[in-house]
Each structure stands twice: as structure tokens, then as C-alpha cells.
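For this one, chain P is given, so just place chain R on it according to the hints.
Same order as they appear, the protein sequences are chains P and R. Quick note on this note's numbering: the first sequence kicks off at 2 and runs consecutively. Quick note on this note's numbering: the second sequence kicks off at 6 and runs consecutively.
Note that these hints are calculated values from the structure, not bench results. Source: prediction; values computed, not measured. By construction, the Cβ of each residue, glycine as well, lies at the ideal position given by its N, Cα and C atoms. Among these hints, one or two may not hold up.
[Unchecked claim] Not the full set, but computed from the structure, chain P residues with beta-carbon under 8 Å of chain R:
| # | residue |
| --- | --- |
| 1 | Leu4 |
| 2 | Tyr5 |
| 3 | Ile10 |
| 4 | Leu17 |
| 5 | Thr18 |
| 6 | Leu24 |
| 7 | Ile26 |
| 8 | His28 |
| 9 | Arg31 |
| 10 | Pro34 |
| 11 | Ala37 |
| 12 | Thr105 |
| 13 | Glu151 |
Here is what each chain is made of, one letter per residue.
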Amino acid sequence: MILYTRRQIVVLLILLTIAGLGLAIGHWRRARPDVADYLEQLDRTPAPASSLAAPRSEDGASSAPSPEPAPRRQRRGTAPSESPRPRSAPTDAPSDTIDLNRATSDELTRLPGVGPALARRIVDLRAAEGPFTQIDDLGRVRGMSVRKVEKLRELVTIAK
Amino acid sequence: MNLKRTPIAPIAVAFAGGIAVASLAALELFLVAWLVAVVACLASLAVARTLAAAAALLLGVVAVGALRGSDAPLPPDHVGRLALPQTLRVEGRLVAEPRRWAPDRARLLLDAVRVDDEPRVGLIQVAAYGVLPPLTEGQRVAAPLRLSRATGFRNPGTYDYAAHLAREGIFVLATARADSVTALDDPGPPWPVRVKHESVAAIGRALPPTSAALLAGLLLGDRTELPRDVDDAFRRAGVYHVLAVSGFNVGILAASVWVLCRLLRLPHRASAVTAIIVVIGFALVVGPEPSVLRAVVMAVLVLVASLLDRDASVTNSLALAALVILAARPSDLFDPGFQLSFAATLGIVIAPLPRGMVLGALAVSAAAQLAVLPISLTHFNQLSTIGLIANLGVVPLAGVATVGGLVAVGLSFLSDTVAAVAFDVVWPVLLALRGLVAVAAKVPCAVLYLPAPGWVAVTCYASGLASLLVWRVGRDREVSGARAWLLLGVALLALAVGVAVWPLVRPADGLLRLTILDVGQGDAIVVQTPDGRALLIDAGSGGPMRLDAGERVVAPFLWNRGILRLAGLAVTHDDSDHAGGAGAVRRLFAIDEEWTAANPPTTRRFGGAELAALPSTGVNGWRRNEAALVLRIDMGLASFLLTSDIGIPRERELTTAGARLDSMVLKVAHHGSRSSTSSEFLRTVGPRLAAISVGARNAYGHPDAGVVARLSEAGAQIYRTDRDGALIFETDGATLTVTRWASGRIDRVCLDPEPIC
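Excised from the complex, chain P in its bound form (with noise of 0.2 Å):
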């Protein structure tokens, strides 16, 4: 009894191998997202903790951050685990939130799920057609999807 030919065993066998690894590797991300976010940051030059801040200071009335999104980030702090970048992040300040507007682009791949390309096209984009009005504007932004738009609304601001 012949099953399959030895062309279609192989052909099997490399889908199979990657279906494999592609759910492993999922399996293993989901369930260490802290050491998966480690990864992702790998590359990137450290921050120093005063450079988010370093900007705001030079105005510091004006792009002071609203009310709102410090109790927020008070409130994520009381739940450590559920924290989207418990690793990465370890100096988080209260009002660490970032001025769209001012941002440089590494500054904004500090964002979670914002990677170094995803950066630079917002400050293209902003370089192109103006500063920011709304934070829904990022949603212009090519890769940026309605969800990480929704993600990201607590953590940036837009000075008037």
C-alpha cells in the first residue's frame, strides 16, 4: 500500500513543519508576552527615562498632560500583570504620555505597538501634512489600524 509518493511526503512535510513552528511560536509569544515585548525591543537604543520628558519641559504649561490619562495609567499600574509592557517600561511616570506633535521617532517607537517604521511614517506624515489636530488623525497613517488608534488614545496627547 502506497499512502503518498515521495514528492508529496516532502511537500507534507515542509507545510507541516511550518505550521508547527508558526503555532508553537504563537503558543509561546501569547503566553510570555513580557519576554516576547523583551525581544521586540532588543534593537532599540535604550531611552534614557528623561528623554520622554526632556521635550515637554522646554513648555511645560502647555503640554502639560490633561487630567484625564493620569489616573488611567494609575489604575493599569494596581494591575502589574495586564500591563502591556511590564519589561520595557520600568521607569513609567504617572503622566508619561507623548506629544504626537513634538515627538522625534524614537520617541514614538516607545509606544506599544509601534515599531521603528510605523514611526516614521507618522512624522512623515506629519512632516507632510501638518501637525496632528486630533488623535483619530493616526488613524491616517498607513499600518496604523482603528484598534491600535484606540490603544494608543490614552498614551498620546496633542498640544493645542
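Same frame as chain P, now just chain R:
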């Protein structure tokens, strides 16, 4: 069946097997198995052993299936990780059309976006009470929701609703007032939903309500408007499958489009492409049920094969359809719809069919019935006897109605006047269909209710049928030794039947078993007497517009215990949370005697156990609760006092009347309401164990904290159905064991003062 023609079948079976065993072992084990399989396959290839390589490959597929089937941990921002229950403001998108199952009740499925202004993900199933504003799929809505973890009633041998919801990816349930649900945007329904709405509306305009609902079911699988009795008749007649969209509808649609295109002189390939597009569009309209997906994948494969001028192997397409569906939604493997659809199709495809119109049709019907038999017994405890014959008439009628209905609905998008003519042609066919189904459902013993067969019986049955198939194929080719397969098949089938009917013929074990079922807020108590008879005391809630515990909980529990006949049914009083389910029980079981408060049972013995009703004198002036029937059951040193819903006045009356009250186990009155279970009464009864039958998160605040405190003070160990699921008390008169079904914990109580047991 030739394996060379169906290369995907072994892979699909291995993958399904992997999903089935996924929950049995840790993820790491399957990972190792996968690695071993890949290495073994490579090694076998290196030494040119293709058969070994194929075996290793299939092992790898099992491992990958298990990897796909194991549950991933919920992401950190999933709604299931919230501390529940609590009331929160939720914003989300509707992922399905709201389902209105009563004028003032609707069910929404919400994909959360924000919860209390924090980004969250995950599905929430919302029960909305009141009149819902017009909402549609894809709309973004916000509402304050009372969120709770998804749970169902937890009883042995009944449908596990929580597991069903988990398979759908729902871990959180919610209730809301319908008028507090506000729409945040209005993108308009997507086109498939619009087409479905328009079609249902067009049918509704042209036909009287019941026929319209039936046609909507036949064409689109939309059974929401179908009256309960018609729905029941289709179930009883064993022809319910015509109301689910399946290969039947899809096949008819594809064939109609094909024929139409050919009549219009379109070339062969253009016709196939058109049919593929129409079939996929149809699937989008009717929604992603497993049976729809199966039929559409198969139809598309057959059509693509005809595009490529190749022969399509039906078995192979079936296997590919299974593989595609399971890869996308592995939990569908446990879905009754998936199982029924694939089993019926497989049965029809591989069974040897005789030639001839009538004989062939009968064989198709028989093959499908044989294939779905263990599945419908496992999930629904039903064995349809009339279905074999009823299908012969129903399927052609449904086919004609489907073709006519499709044409009529298509015309309705052009002109209502023209469509009305077509609908009027379909109407008599629908009437004939309904008449035939009604007659078939009236036949005595149209449906037999039996215990669910265990996996041993199902395995024997399936291998028995497979052996018979091998014998049949071998006989046609005159292979020697075919008779051995015949004998093996018959033996396996006999074994399957023996194992399956064992619960029905099992001799009584001499134990008194009293099960307080988890029916939410309500009472349902099954007593299995030492001589093998069964009594039911109350049947849980029921009635229109609510879940019928009699049908959904009590009946399956009894069937799966092998109980088809009740020696007695006691309805302690007429409140809907005690008497509601009794109607369904009367319909589904033979009952020797019925008792109520006005007609109490005389003291009688069932083997070693004695049942007695406690006296009631002041029935007239009292409310229903006070007048309820109070029963006690004694066996040896064990005694149970079942106090229904009585309050303190009746307790006092029983105490002063000098009724025999002292009991080992007390079924606490009125779900633990504070107006019952006084300290004086507890002193008289002196229970060591107390059981409270109460619904989780009920609106009355039962059980009352004071009652719980009084019970603890009296020294009683408390069991509660809302936390412990069903409570099973088993006694031989000297010892008593209590099983909490939800946790599986078993307590053992020695009743003899001299502890020798």
C-alpha cells in the same frame, strides 16, 4: 474507497484527532511529538521508506492539530481578565445581527473596544431587556453592562452551555437595559445583511406568517420567526436538517445557476465561475455556520475541478472542507452542527447505493440516518424512527420549495408583482410540506429518547459500520476472507448496542440517590430509589419566554441516567420556578402517579426507602408557598426533609402538629429566603447537611445571609447549587456521600453513632 484518490482524508482525520486529544496533555508534549515526527519523517525519507515517512507525517499532523486545538491564554487586555461580576461602561462593535427572541428580549454579540475608557478586547454576549433601538451588524455601540463570567447550569449529563460559549470564544456574559444601549455610529448594514433583510421582508410580504417563516428557514436557515410547534414537528419527524442551510441548499443553488447559465448559452467555464461567485455570495448572506462552510467549500472545489477539466473526488473535497474549517475554527469539531453535517455527507458519499429511484433514495436516507445516529443520540438523546421514511417525501418537497423560493426571492428584487406570482406557486408546496411533517410527527414513537452512548459504544458502532463497508467492497471484488469482516462488523455493532442500552437494563444497586439539580433559581430534585425506580420532585422553571429547565436540564439528566419512566412526579406548588418545567416532563416521560399539595402521596416504600408527605392543615387561607407539599424520605439512618418553599408560619405549624421533622439532610426552604428556616425549626429538624437550590446572581438576594448564619449556627454543613452545581446525595442507609458536581468534591458522612463505617 481508494486512499490514492483521497490523499487529504488521512490528513483531515489526523488533524481532527489531534484537536480531539488536545485537552488531554500539556502543550509541550505535542511540541515534542511534532519535532519527533518531523525528524522521523526526514530520516525515513533518507532511507527511502515512504510508508514509514507517511506514518511519521500523519503523527506530525496529529501533533499540529493538538497545537492548534489547545487553548491559548487570554491576552492581558481581554475582558475575561476583568474582576467579575461588576457593572462597567462598555464600548464595542456588534459582530452579529441582534437576535430578538421575544418582543422585549434580544441578544447582542459585542466585540469590546473600550471598557471604562480602557482599551480592551474580547467578545461579550449581552442579554438586553426592553425594546431595543434599531441596531445592525458592524455598528459601534456603548452601554453600561452588568458583566459576569460565562457559566451555565452544571449537572451530570446535560448540555454544558459554558463550554459551548467558550468554543465560540465567549468568556463574558452581560445584561443590559435595552434603552441604555446607544449607537455611536451608523455605517449602515453590510450588503449581505441587507440582502438577507430584503429577502426575508419580501417573503414576509408575499406569504402568510407561518409559511413565510418556513420558507425563510428553508432558503436562508433563518428560523427566528418559526413557531415553536412547527419547529418541534420538524425535529420529531427527523427532517430538521432541511431547515439548516447545508449541501442541499448550496447544491440546488449551484446547480440552478449552472443550468441557467448554460441555458443562456454561456460557455462552460464562465458558467462555473458564475456559480462559484453566487455560491460564495450566498454563504456571506446566510452566515458562517459549519454546515454552510462545508457545503460551500465542497461546491467550490467541485466547480473548480470542472474549470480545470479534472474529476473531483467527493470524499477528497469533503476531507479538504473539514481540514479548512478545523484549521480556521478548531473548536467546531465539538459543534453538533459540524458533526451532523460531516457525518451525514460522509455516510451518503461512502455507502454503497443500489440503483433505482426509490431504492436509491431510501438508501441515501438510510445512510445519512445511520451516520448521524450516534451524534444525535449523544447531543440530543434522540433516535428518529420515522425520519427514514419521512425524508423520502420531505426532501423532494423541500427541494421544489427551495428552487421556487430562490426564483421568487430573486424576482422580488426586480418586481414585487411578478415575485408574488412565483411565491403563490411555492405556497401550496410549503403547505404540503408542513402537512407531511405534521403527520410524520404525530406517528407514535416517531422519536425515541435514549441515554447518550458513551465513547466506547460510538467507537464500536463506527468500526462496526466500517467493517461492514470493507466486507461489502471485498465481496464485490471477490476478495477472500471478506466474510470475516462481515462477522467482525456484526459483532462490533452488537457490542455497541449492548453497551448503549446497558444504562436502561442495569439492575438496581440498592442505593437511594437524591440529586438536587442546578436549574438556576428554582427546584428540581430527582430521587432514584433502591429498587431502581425514579421520582421527580419539582421540575425547575419554565414557561414561555424563558429557558425551560424541564426540557433542557431535567429531561436530559433523566435520559442519560437511563430513566424513561417516572414512578411519581410531585409538583409541590404552582410557582413557575417549581412547576414550570413539569409540562415538558409530562410530554417526554411516562408518569405513573402525580402528586400535589392537594393530592399528597400516601406513605409508601420503594425498596428500602420510604416516602411520606408531611401533614398540612391550613391550606385554604395561605399563600401558595405556605401550602406547598413537604416530603420526607427515609432510608436506614439517612433521612431527607424537602421543604419546598414554605415559610415560618408553616414551619411553626409543622412543629406544633408534632410532625416527624428530625432529618439528616434538609433541603432548605424557598432558596434560602429570610422568611423561612427559623432557628426554632432548625432546632427541631437538627440537620447535619443543608442543601440550598438557588440561582447564581438571582434578583432576590437569595440565599439570605441570616439564613446561612442560622444554618451554620445549627451545625449544618451547607451545599449550594449556585456554587457547587448539582448536589448528589447517595446512601445505603448507613453512610452518606455528597458529590458537588462542579468541583467533583465528594464528602463522606458516617450516619451510625458508633463509627464503624
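Evaluated hints:
no.: 1; hint: Leu4; result: 4 Å, holds
no.: 2; hint: Tyr5; result: 5 Å, holds
no.: 3; hint: Ile10; result: 5 Å, holds
no.: 4; hint: Leu17; result: 5 Å, holds
no.: 5; hint: Thr18; result: 6 Å, holds
no.: 6; hint: Leu24; result: 4 Å, holds
no.: 7; hint: Ile26; result: 10 Å, violated
no.: 8; hint: His28; result: 6 Å, holds
no.: 9; hint: Arg31; result: 5 Å, holds
no.: 10; hint: Pro34; result: 6 Å, holds
no.: 11; hint: Ala37; result: 11 Å, violated
no.: 12; hint: Thr105; result: 24 Å, violated
no.: 13; hint: Glu151; result: 5 Å, holds
In this structure, the hints that do not hold are numbers 7, 11 and 12, in rising order.
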